[in-house]
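Asker: Whole structure, please, built from the sequences with the hints as guidance.
270 is the number of the first residue of the sequence shown in the working numbering; add one for each residue after it.
There may be inaccurate statements among the hints.
Unchecked claim - Here are the simulated lysine-lysine pairs, DSS-like style, with alpha carbons at most 27 Å apart:
| no. | residue 1 | residue 2 |
| --- | --- | --- |
| 1 | K352 | K331 |
| 2 | K359 | K286 |
| 3 | K286 | K352 |
| 4 | K308 | K286 |
| 5 | K382 | K308 |
| 6 | K289 | K324 |
| 7 | K289 | K352 |
| 8 | K282 | K330 |
| 9 | K286 | K330 |
These are calculated hints, taken from the structure and not from any lab test.
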Amino acid sequence: MEIKLVISYPDGKTEQKELKGEEAEKFIGFRLGESFDGKSVGLSDSLIITGGSDKDGFPMKKGVYGSRREKLLLSGGIGYHPKDEGVRRKKRVRGDTITEEIVQINTKVAPKKKAAPKKRAAKLKEAELEEAPKVEEMPPVEEVEEPQTVEESPENEEEASV
270 MEIKLVISYP
280 DGKTEQKELK
290 GEEAEKFIGF
300 RLGESFDGKS
310 VGLSDSLIIT
320 GGSDKDGFPM
330 KKGVYGSRRE
340 KLLLSGGIGY
350 HPKDEGVRRK
360 KRVRGDTITE
370 EIVQINTKVA
380 PKKKAAPKKR
390 AAKLKEAELE
400 EAPKVEEMPP
410 VEEVEEPQTV
420 EESPENEEEA
430 SV
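Answerer: As structure tokens, then:
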């Protein structure tokens with residue numbers, strides 16, 4: 270088995286690697302959108318699978334589950350780019366799972382995770398405070414008596430019944 274791995278970097282550059290035998294078989298069963306460790310192909314970053322094509326050139330499309338080829342009515346996007354707006358056409362695409370029939374896998378370098386926010390103690394050191402400001406205790410809440418209701422006068426009742 271032989272696979273061409275295309276790696277896209279954030280700066281726009283790309284790199285291709287030929288994988289044969291066991292190196293290529295590691296990718297069987299992966300799906301579009303999944304990530305894997307780049308150490309398996311000699312990179313320090315992790316990679317995300319963004320696409321690929323099979324031995325006959327049919328593109329992999331996310332949302333077509335499994336590894337089968339399927340004929341879909343497409344109006345644009347992966348697999349078909351119409352010249353005019355509103356044109357739709359049936360096109361054959363490959364499922365989103367990598368099998369032995371896939372010969373090219375497109376990947377991109379995963380964005381690095383941002384550092385977690387600094388802890389409160391570190392923030393206090395930056396602000397040169399020795400300890401957090403103390404909050405004074407609130408006075409206890411007084412119990413409130415139930416409100417008294419005003420009785421309606423008989424004049425209001427007569428007006429309401431009319």
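Asker: Confirm or reject each hint.
Answerer: Taking the hints in turn, this is what the structure says about them:
Note on K352 and K331: the hinted pairing holds, with a Cα-Cα distance of about 23 Å set against a maximum of 27 Å. The straight-line distance between the Cα atoms of K359 and K286 is roughly 33 Å, outside the 27 Å bound, and the hint therefore fails. With a C-alpha separation of about 33 Å, the suggested pairing of K286 with K352 is violated against the 27 Å cut-off. Restraint check for K308 and K286: satisfied, since their Cα atoms lie roughly 13 Å apart, inside the 27 Å limit.
The suggested pairing of K382 with K308 holds, with an alpha-carbon distance near 18 Å, which does not exceed 27 Å. Note on K289 and K324: the hinted pairing holds, with a Cα-Cα distance of about 15 Å set against a maximum of 27 Å. Pair hint K289 plus K352 does not hold up; C-alpha atoms about 38 Å apart against a cutoff of 27 Å. Between K282 and K330, the direct Cα distance comes to roughly 23 Å. Compliance with the 27 Å bound is thereby established for this hinted pair.
Between K286 and K330 the alpha-carbon distance is near 22 Å, which keeps this suggested pair within the 27 Å criterion.
Comparing the model with each numbered hint stated earlier shows that hints 2, 3 and 7 do not hold.
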